[in-house]
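Residue numbers (our numbering), protein chains in the order written: chain A, 1 to 300; chain B, 301 to 991.
If you're looking for bench data, these hints aren't it; they were derived computationally from the structure.
Just to be clear, a hint being listed does not mean it is correct.
Computed list of chain A residues with no C-beta within reach of chain B, every gap over 12 Å [stated by the list, open to error]:
{"no.": "1", "residue": "I14"}
{"no.": "2", "residue": "A17"}
{"no.": "3", "residue": "R31"}
{"no.": "4", "residue": "R32"}
{"no.": "5", "residue": "D51"}
{"no.": "6", "residue": "P133"}
{"no.": "7", "residue": "P165"}
{"no.": "8", "residue": "V248"}
Chain B stretches covered by chain A per the calculated footprint, using a threshold of three residues with CB under 8 Å from any CB of chain A [as the list claims (entries may be wrong)]:
{"no.": "9", "segment": "764-777"}
{"no.": "10", "segment": "780-786"}
{"no.": "11", "segment": "878-891"}
{"no.": "12", "segment": "925-939"}
Even for Gly, the Cβ is constructed at its ideal location relative to N, Cα and C.
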Amino acid sequence: MTGLQPLALVLGLIGAALAPVGIGLILGLDRRVTAAMQLRVGPPVLQSLYDLTKLAAKESRPVDRVSAGLLVAHTVMAFGALAILLAGGDLIVAVLVLGAAQVLFILAAAAVESPYAQLGASREVVLLLAGEPLLLLSAVAYGSVAGSFAAAAVAAAPPPVLALPSLGLTLGVLLGIALRKSPFDLASSHHAHQELVKGSTTEMAGPWLALAELGHWFEAAFIVAFIALAAVQLPLLAVALVAATYVVVLIVDNTFPRATWRSALLIAWGVGGGGAIAALLSAPLLGGLLGGLLGGGLPR
Amino acid sequence: MSPLELSTAALLGLPLVGSGLLALLSRVSQTGAARRAVVTLTLLTLVALGASLAAALALGGVVGQARRFALGLGPFDPATPAAGFAWSVAPVALALLFLWIAARARSSLLAVLSVAQLAVAAVAAAAELGDGVAAEGTVGASLVIDPLAALLLAVSVGVGGLIVLYAIDYEPLHLAHRGLPAARAPLFLAWLVLFMAAMHLLVLADDLRLLVVGWEVTTLCSFALIGFDGDGEAVAAARRALAYNLAGGVALGVAPLLLGPGATLSGLIAQAEIGPGGATWLVPLALGGCVLAAAVKSALAPFHPWLLGAMVAAAPVSALLHASAMVKAGSYLVLRLSPAIASVGPLGPALAFLGGVTFVGAALLALRERDLKRVLALSTVSSLGLIAASAGLGTPAALAAGALLLAFHAVAKALAFLVVGAIEQSTGTRDVEGLVGVIRHRPRLGGAFVVAAAAMALPPFGLAVAKWALLVLGASDVALVTLLAVGGAASLALWTAVTARLIVRRDGTATVAPRPVPLLIQSAVAGLAVGAVAGLLLAGPVASVVADPAAAVAFGSDGGLARGWSVALERAGFAVPFVAFLAVAAFVAALAVARRIPAIIPQPYLAGVNLGSGAAVTFHGARADAVEARSGGFYWGAAEDPSAGISSGGASDSGTRAAARTRALEVAGALAVALVAVAVVVGVLLPGISP
Numbered sequence: 001m002t003g004l005q006p007l008a009l010v011l012g013l014i015g016a017a018l019a020p021v022g023i024g025l026i027l028g029l030d031r032r033v034t035a036a037m038q039l040r041v042g043p044p045v046l047q048s049l050y051d052l053t054k055l056a057a058k059e060s061r062p063v064d065r066v067s068a069g070l071l072v073a074h075t076v077m078a079f080g081a082l083a084i085l086l087a088g089g090d091l092i093v094a095v096l097v098l099g100a101a102q103v104l105f106i107l108a109a110a111a112v113e114s115p116y117a118q119l120g121a122s123r124e125v126v127l128l129l130a131g132e133p134l135l136l137l138s139a140v141a142y143g144s145v146a147g148s149f150a151a152a153a154v155a156a157a158p159p160p161v162l163a164l165p166s167l168g169l170t171l172g173v174l175l176g177i178a179l180r181k182s183p184f185d186l187a188s189s190h191h192a193h194q195e196l197v198k199g200s201t202t203e204m205a206g207p208w209l210a211l212a213e214l215g216h217w218f219e220a221a222f223i224v225a226f227i228a229l230a231a232v233q234l235p236l237l238a239v240a241l242v243a244a245t246y247v248v249v250l251i252v253d254n255t256f257p258r259a260t261w262r263s264a265l266l267i268a269w270g271v272g273g274g275g276a277i278a279a280l281l282s283a284p285l286l287g288g289l290l291g292g293l294l295g296g297g298l299p300r
Numbered sequence: 301m302s303p304l305e306l307s308t309a310a311l312l313g314l315p316l317v318g319s320g321l322l323a324l325l326s327r328v329s330q331t332g333a334a335r336r337a338v339v340t341l342t343l344l345t346l347v348a349l350g351a352s353l354a355a356a357l358a359l360g361g362v363v364g365q366a367r368r369f370a371l372g373l374g375p376f377d378p379a380t381p382a383a384g385f386a387w388s389v390a391p392v393a394l395a396l397l398f399l400w401i402a403a404r405a406r407s408s409l410l411a412v413l414s415v416a417q418l419a420v421a422a423v424a425a426a427a428e429l430g431d432g433v434a435a436e437g438t439v440g441a442s443l444v445i446d447p448l449a450a451l452l453l454a455v456s457v458g459v460g461g462l463i464v465l466y467a468i469d470y471e472p473l474h475l476a477h478r479g480l481p482a483a484r485a486p487l488f489l490a491w492l493v494l495f496m497a498a499m500h501l502l503v504l505a506d507d508l509r510l511l512v513v514g515w516e517v518t519t520l521c522s523f524a525l526i527g528f529d530g531d532g533e534a535v536a537a538a539r540r541a542l543a544y545n546l547a548g549g550v551a552l553g554v555a556p557l558l559l560g561p562g563a564t565l566s567g568l569i570a571q572a573e574i575g576p577g578g579a580t581w582l583v584p585l586a587l588g589g590c591v592l593a594a595a596v597k598s599a600l601a602p603f604h605p606w607l608l609g610a611m612v613a614a615a616p617v618s619a620l621l622h623a624s625a626m627v628k629a630g631s632y633l634v635l636r637l638s639p640a641i642a643s644v645g646p647l648g649p650a651l652a653f654l655g656g657v658t659f660v661g662a663a664l665l666a667l668r669e670r671d672l673k674r675v676l677a678l679s680t681v682s683s684l685g686l687i688a689a690s691a692g693l694g695t696p697a698a699l700a701a702g703a704l705l706l707a708f709h710a711v712a713k714a715l716a717f718l719v720v721g722a723i724e725q726s727t728g729t730r731d732v733e734g735l736v737g738v739i740r741h742r743p744r745l746g747g748a749f750v751v752a753a754a755a756m757a758l759p760p761f762g763l764a765v766a767k768w769a770l771l772v773l774g775a776s777d778v779a780l781v782t783l784l785a786v787g788g789a790a791s792l793a794l795w796t797a798v799t800a801r802l803i804v805r806r807d808g809t810a811t812v813a814p815r816p817v818p819l820l821i822q823s824a825v826a827g828l829a830v831g832a833v834a835g836l837l838l839a840g841p842v843a844s845v846v847a848d849p850a851a852a853v854a855f856g857s858d859g860g861l862a863r864g865w866s867v868a869l870e871r872a873g874f875a876v877p878f879v880a881f882l883a884v885a886a887f888v889a890a891l892a893v894a895r896r897i898p899a900i901i902p903q904p905y906l907a908g909v910n911l912g913s914g915a916a917v918t919f920h921g922a923r924a925d926a927v928e929a930r931s932g933g934f935y936w937g938a939a940e941d942p943s944a945g946i947s948s949g950g951a952s953d954s955g956t957r958a959a960a961r962t963r964a965l966e967v968a969g970a971l972a973v974a975l976v977a978v979a980v981v982v983g984v985l986l987p988g989i990s991p
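Construct the entire structure; sequences and hints are all you get.
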């Protein structure tokens, strides 16, 4: 199968176009939960969406044409990666396209003079280095359970979550990276107490910052969909899985200080990579066990 | 001789003649007329080579079809007694030449290695002559042309031809810059063209004697070209390359020695595939020798240092070594032997591991480099590791993926080296930190570099599609797939980090006015850039035209990668057209937006304490003085060098840590080579074991 059927592709494109609303809501909930952890009330759940529309409506003051162009390309590619995933296309291809989107964002950040932006871009490279192998290994792990690397086949197979429990660690790290949560907030963060002004998005303002945000929301939606894929046949379990991963990431975010780039990389590769490798090693064993329990046996 | 035989013979003979004439022309003083003659002669050679390649491919019909033709060499066919004698003695003569070089260099290491080679070659020649000069093998079967050979020939003639074209304009400038006589330029071209002839010989060879001769002549050419400038650094690098490749040559020489007179590559493969019943213990040993020789030639860890040293040479030499010839000879040999390797017990997995380790290790090492040519060199080592891994996987689809990698890597890497050479000639540096913003100042050359970087790292360019195929094919091997995932991320990060520095907007840093770029250099770069951009859509067609047929010839079953414009495997599919559409849409949208933005240069953000106007990055210091804000790139694991001017953002390690990482790759590579050796021993002792 070359993956993308026309109807599936249309649905994928529609899904990807709607995804930012979902991510906006999740981020709103995130702010409420974080506020509750810090004994605050927090903003309305729709606040993240308000913020985005407010930014988009501001006066356009682009700093540099190359940077602005790369930012547009970044958002298009991130949208495309999400569409491939939602259309049931090849997981590894979707991951590679997402990687291309991240590369374009890094170049957009690096293209301007401000040393803050340069520093942020360097740190984004570290995050790319930290996250990309984990995404690839997770895709391979899904594929090894489903017998196919098509997202549609993974969705149709018995929930991979049962055969790949340790992959939860990897997915948690990936979500932390996608949302730039501590200890993976080294390139840019929403919080005012950051020592770095805004890192990679320093020179982006108004609608351009909104565009950068939108691109990141597509990336976050990709990771959320990727996590949900572990149990998509059992929607309640899928929602619970995403929520549980998210809560763990939030707790880590609120407990851990910002790490140095080196330790962030070490944590990502150690925890996330270890989880993925353990999942790959245990998948045949657990898959067989599960197959025995379910009676049917997993399609290999 | 048949027309097909004539056209393949032309591929061998034409560059030989062209090279000889160029060498003669270097004896003439370089007046305007002589210079024009050199240019005309080189262009004629290239055009004639292109024509004979086209004729060979058309007559053989090996493009798009799984066909294989055994060819003779006419009067030079080794199956005829006199020519056979000459081909057997040629390696001895070459070994004597190497011994002479060793004596002139007063290097005992080189002497020992060339004596070892002399011994191997002499014993093999004596064995053949001792058999009576009776013709061994069948007449007219010493060469072979099939899709894999056709691919290598196309790479050598197409990419190699553009490199020679570039060299016509590059070398005189380079010689002038180095203060060397201009008369050496034709000699330089002569060596480049001879290199192509040697490459064609080893690619077409089925008879092991021809393979060995081609192999050793590439060693000779690389030695001459790396040391061409004659300064201490170049000579040292050339000797190092010679030492490594002589050792590899000894390993290759073992194969004809063991298999006896008239042995062929196809015979070796057939013997290995018969399996434990028919194959003798000699076969795994001969295969092990070939794999080792290929590992040295394609600079897999721990044999990579020779290729890193070789980057002192001029840009066309680097491009030829890294893209179309030399290292690709090693990749070609393991791909050619892939079915045989797969049938000798654990040799395949050991080779795949060696390739995987090289892929990751070299990519991680490259992350710390600031010298653009070193970045490119380590990235080559990394990609060659990937090709070796695909040969080690030993399935038709893996062989097809390896062939795809080889083709697309040749175009992208040649482009990258030629662009870096042109940038260096134009700006005087190849230090990434010295070239910050070069894409802004030199949009054409910079754009070509971006194209090369994208072709190397991003989907759906052919290289990325081949990497995807290997991830899918290696998915069941946890160690290999981990190596592939980490290595893939490292090379993506590498190209991003380098391009991120070159794309920074930086005004007024160009201290030296850049020199204009000569026409032939521009044409060669443009030709390769067009090829690299075409790679956006060509993964499927290239798979169907050469990669799948190559697998079909080697394994008897199709690689099965091509699916129209897409690439597909049993368990997955890469919808190349959709991803290409996405990439083009992103590019067009970016262009449309960028065109509407005025070329303004607002003050950069410096926490609100900017001093000076426009793009100046000086800020108001604590003592009311002007401080310049500096930033550097990401060089993970670079030895700390305060004088290098990397401050904020330049992540660097202590010197010991950097050295430890260099050693780690060497140790891991040595371990992997030891595994290959163990696999050979297991293959000899327990022929029944299958992977």
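Could you tell me which of the numbered hints above are not met by this structure, giving the numbers in increasing order? As far as the earlier hints go, only 6 is violated by this structure.
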